[in-house]
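Novice: Starting from the known structure of chain X, fit chains C, Y and U onto it as the hints suggest.
There are 4 protein chains.
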Amino acid sequence: MLREFAAEREWEPFHTPKNLAMAVSGEAGELAAELQWSTPEESNELDAAARERVADEMADVLHYLVRMADVLDIDLIAAAMDKLARNRERFPVGEPETRRARPRR
Amino acid sequence: MLREFAAEREWEPFHTPKNLAMAVSGEAGELAAELQWSTPEESNELDAAARERVADEMADVLHYLVRMADVLDIDLIAAAMDKLARNRERFPVGEPETRRARPRR
Amino acid sequence: MLREFAAEREWEPFHTPKNLAMAVSGEAGELAAELQWSTPEESNELDAAARERVADEMADVLHYLVRMADVLDIDLIAAAMDKLARNRERFPVGEPETRRARPRR
Amino acid sequence: MLREFAAEREWEPFHTPKNLAMAVSGEAGELAAELQWSTPEESNELDAAARERVADEMADVLHYLVRMADVLDIDLIAAAMDKLARNRERFPVGEPETRRARPRR
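So the protein sequences, as listed, match chains X, C, Y and U. The first sequence begins at 85 in the numbering used here and counts up one residue at a time. The second sequence begins at 85 in the numbering used here and counts up one residue at a time. The third sequence begins at 85 in the numbering used here and counts up one residue at a time. The fourth sequence begins at 85 in the numbering used here and counts up one residue at a time.
Next comes chain X alone, as it looks inside the complex:
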């Protein structure tokens, strides 16, 4: 649907992976901006209007991410599953380090 959306509007020339990575980054910045002055606790109790703004920004991030995967012919779900499998090995359950550790990149 996103491919068709772009094609119908003749936006394909703009949708290079580089440009789409910038767009993902821009939308992620807007998502962060929505919650920048909230406490972590407040971010758990958003009112309806804030929730909708947040959902909207999340949708924008997903759009550009999926469109980027399409342009690059990357299977995003497979990539996510593969990364999860590696993260399981990197952070073994029950290991003191994993338990104590805060998740790090």
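One thing to keep in mind: the hints can contain errors.
Remember, identical chains collapse to one label, so a pair may be satisfied in a single copy or spanning two.
[What the hints assert, rightly or not] Cut-off 16 Å, straight-line C-alpha distance, at most; resulting in silico cross-link-like pairs (EDC-like, lysine to aspartate or glutamate):
1) K167 to D140
2) K167 to E136
3) K167 to E94
4) K167 to E96
5) K167 to E179
6) K167 to D131
7) K167 to E181
8) K167 to E125
I should point out that these hints are in silico values taken from the structure, not numbers from a laboratory.
Specialist: What follows is chains C, Y and U alone, placed relative to chain X:
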């Protein structure tokens, strides 16, 4: 799976919407960094190693985005479909403005 | 100094405003990542190692921002003073709205 | 000036390092968004209106970065000079690798 992954490692207390929005933003920054010195054309012709690094960063963005949707109980696919419907109206096909216009936020 | 640093290494062709904006964004993402799992309170009491990592990422953001200003021939200090003047008018001191309001973009 | 600006508006409680890092990231995202559909060449030839929007976003990034340095009591210029010195050693002038290498994080 991501919910279970976090629970097993006792990372749930860190996964507030605010913190996850920062994580999405951090991973989106890493994704941008992968392509920052490429030309748009080069970003269309990544070699296998670069493609894998890019796919990896895209997976990280998706993980945190999906985990954030889970924590907020937001239906991410519904939000994306809803936003797409509004974008269709905002940028009508064939309108001179849409055709000429570069996509803007 | 940053101009010379880039010229000596023959990196000037890569330093377009677009690429430098991506680099600012990438480094800002790394800065966010440093504090993503901290509480706001903890971020006020960083230990020496964390402070150094944060200072390092802040330096990276500043480098690319200043380099971008140089390439665009934008007077960054003047731009910042100008924006501050406008923000003073936008958020008048003592107005109930400003006082109650959380800063928003 | 930024310290005073925040104090006058009673915004200090919101200006934790964590929140300010999110704000830097958010503004960096907006900066990226300004140039996301431009080619690198076009970003070198911005018209007056685009230049002003870009300068404005750069000012926002600088504001939050300087405010963050103030709150953390980090000497941002010293940090930038220190990082530049390390980057000089990391990328020696005239080394084939540096010359060929595209700058990487």
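Novice: State for each hint whether it applies.
Specialist: Results of checking the hints against the structure:
no.	hint	verdict
1	K167 to D140	between (26 Å within a copy, 7 Å between copies)
2	K167 to E136	between (29 Å within a copy, 11 Å between copies)
3	K167 to E94	neither (34 Å within a copy, 19 Å between copies)
4	K167 to E96	neither (29 Å within a copy, 19 Å between copies)
5	K167 to E179	neither (20 Å within a copy, 36 Å between copies)
6	K167 to D131	neither (33 Å within a copy, 19 Å between copies)
7	K167 to E181	neither (20 Å within a copy, 31 Å between copies)
8	K167 to E125	neither (29 Å within a copy, 27 Å between copies)
When the structure is compared with the earlier hints, violations turn up for hints 3, 4, 5, 6, 7, 8 and for no others.
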